[in-house]
Amino acid sequence: MAGRVKFILSLFLILLGALAIRAFCLQVVMNDEIISHASNRFDCTVKLSAHRGVILDRRGESLAISIAVDSVAANPYLIKNPYFEASRISKILGVDKKLLVARLKSKKYFVWLKRYVTPSETAALKDLHIKGIGFYKESKRFYPEGASMANVLGIVGMDGYGLEGLELFYNNILRGASKQIVAQRDGLGRIIYARGLSQDFPRDGFDLHLTIDRRVQYIASTVLRNAIQRDNARSGFVIVTNPSTGDIYAMASCPSFDPNRRSYRDLIGHKNRIVVDAFEPGSIIKPFIVSWGLDHSIFEPSDIRFCENGKLSFHHITIHDHEKYGWLSVKDIVRYSSNIGMVKLGTSIGAHDLYKCIKAFNLGATTGIDFPGEARGIVREPGRWTDIDMANIAFGQGVAFTGIQLITAFNAMVNGGVIVKPHLLDAITDTKGHIIHKYKPSIIRRVISPKTSEEIINIMRSVVEDGGTGEAAKMNGYHVFGKTGTAQKIDPITGTYSHSAYLTTFFGGLLDGNAKPIITMLVCIDEPHPYYYASQITCPVFKEIAGKCVNVMNVSPTIKIARKE
Amino acid sequence: MSRLKPRDFLKAAIFFILLFMAWGTIHVWSRTMAVEQGYCLSHQQALKEQFVTDNNALQLEISTLKSSKRLESMADGMGLHTPCPDQVIYIWQDE
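Line order of the protein sequences matches chains A and B.
At position 222 of the first sequence the residue is numbered 222 (the working numbering), and the sequence of numbers has no breaks.
At position 95 of the second sequence the residue is numbered 1095 (the working numbering), and the sequence of numbers has no breaks.
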């Protein structure tokens, strides 16, 4: 009996020993090899994509938002009859049949048939039950406001990276951080997160809250587009700002493009002209020079200059005014936009101080706006100026500035005398709405005193009063101030100033009950035909946009108008 | 020193085998639970993605419905226009 028990025990022991040896081999000796086999069979890398943040306007309305849509791809090796299948797919997707045949016959294992298909196209294609056709979720960016915001927001590429505009400038903030994790896959190909998911990743992109008001933006872009069509102009832009904070309420450029179609056929429409295009400002430079002269006590508003009855021979050139003016006060030189008067004021300031004035207002230098591709403009050193150059600069020729530089300098002139950095970003929030960063107005430096600022506003108020060049911008019930500008453009063939191509501008603003500017605007229209004076072209645009803006922005009138009985 | 009896040896062997089985059962059970939780997590993750997509789609729908262009064309269709300046009456505080 004992012998048999011993035998069985020994057998058990031998079997246990064999089991232990085998376990040791599997767990220790062949450990790496087995883990590698298992990993190859079950483990897979899963990319947890971060969702791109939403871009919102100052009132929280969405301007750019990403949603997941299907894209259709095929494995050509699994398609049995490419001609027949291409014909069926072509009818649903609206893709050229020849193109589909070429793709389905290619010697690749993966070809895209169409990116970003609609839900109805996906459903119709699934009903065909074609073997070798697959559907993949991809993120697509939508822009509900379409072309009106396109030049500001820019677009996002197929890979989810911003290519232009704010989408490019704030790409790192918007796109978040994706994470790749190792998960397991079962026999049916389903993902199993058996090792859990980390808490901190992926981090979705942050949301951007802009200073733009989409209602004001729509008004500005619509009025601008209509004006360009009506005046047979080439292009134009409008920028509406808050002069005290540097907030940009609207930034419209025309021509524009539809960002939802992603067409690259006409790249001209992709430009944000306000930031990237520099141009000769013309007469709108005059208030800057006058305010500088007043601030440095070089002249007084009531000082008078003889305007040579509209014609001044200066060295070997002749300078003209559009009217025959005699003696004009400094205020009236701005009011009637006399070039001859400005040449005389510019001469009394001198080349070096004129250059200092331009630089003090930050003209010809980047403003630091949060937008890619800002141009510097052109201002030569005063040592290279001739007397004629100085005379030309006094009425806005021979220097080139961008729209954003001009509105920033204009804001500095009317907000009490300080340069405030213009900006499009108001705040950054996370997906739960917590504020990550809030923009605070950034004052760069003081340029003129508050007293001079008030004086120049009063001078510019006279521009839009009866008889002034900006009379057409006058609004019932509101105190309006501004300055017109009609600049000749350089003819690219002759290299001289053209007599048929003009750039028409108007910058102006509205005052509140305390005589403080609340809205400022710059309107610029390039090459209008046949009329080109600012009073005919840009002043009505200013008036129409401002008239609509005061309604949507709840700006009360400041002048009482007698009610009709 | 007394010798180990075969019966005691058998008892010890059975004890260790039972211990091994218990350990094995717990191991298999815990693995099964981990896989089950993995499936659950995978399902929740897919659900979260779907909710985010649905939420974004709804936000887009709201924005599209409220877009200025659409509202203006609808207003035009109903014969509504922005009032002219002289049609707007402001009530002043002293009135």
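Keep in mind that the hints are not guaranteed to be accurate.
Cβ-Cβ distance ranges computed for the label pairs, FRET-style [as the list claims (entries may be wrong)]:
no. : chain 1 : residue 1 : chain 2 : residue 2 : range
1   : B       : A1046     : A       : F12       : 45 to 51 angstroms
2   : B       : I1062     : A       : G383      : 58 to 64 angstroms
3   : B       : L1080     : A       : R445      : 43 to 49 angstroms
4   : A       : Y77       : B       : Q1045     : 30 to 36 angstroms
5   : B       : F1015     : A       : L78       : 57 to 63 angstroms
6   : B       : K1069     : A       : K440      : 22 to 28 angstroms
7   : B       : I1062     : A       : H529      : 27 to 33 angstroms
8   : A       : S556      : B       : S1073     : 48 to 54 angstroms
Note that these hints are calculated values from the structure, not bench results.
In this text the structure is predicted, and so the values were computed from the model without any measurement.
Backbone N, C-alpha and C define an ideal beta-carbon position, used for all residues, glycine too.
Earlier hints that do not hold, by number:
6, 7, 8
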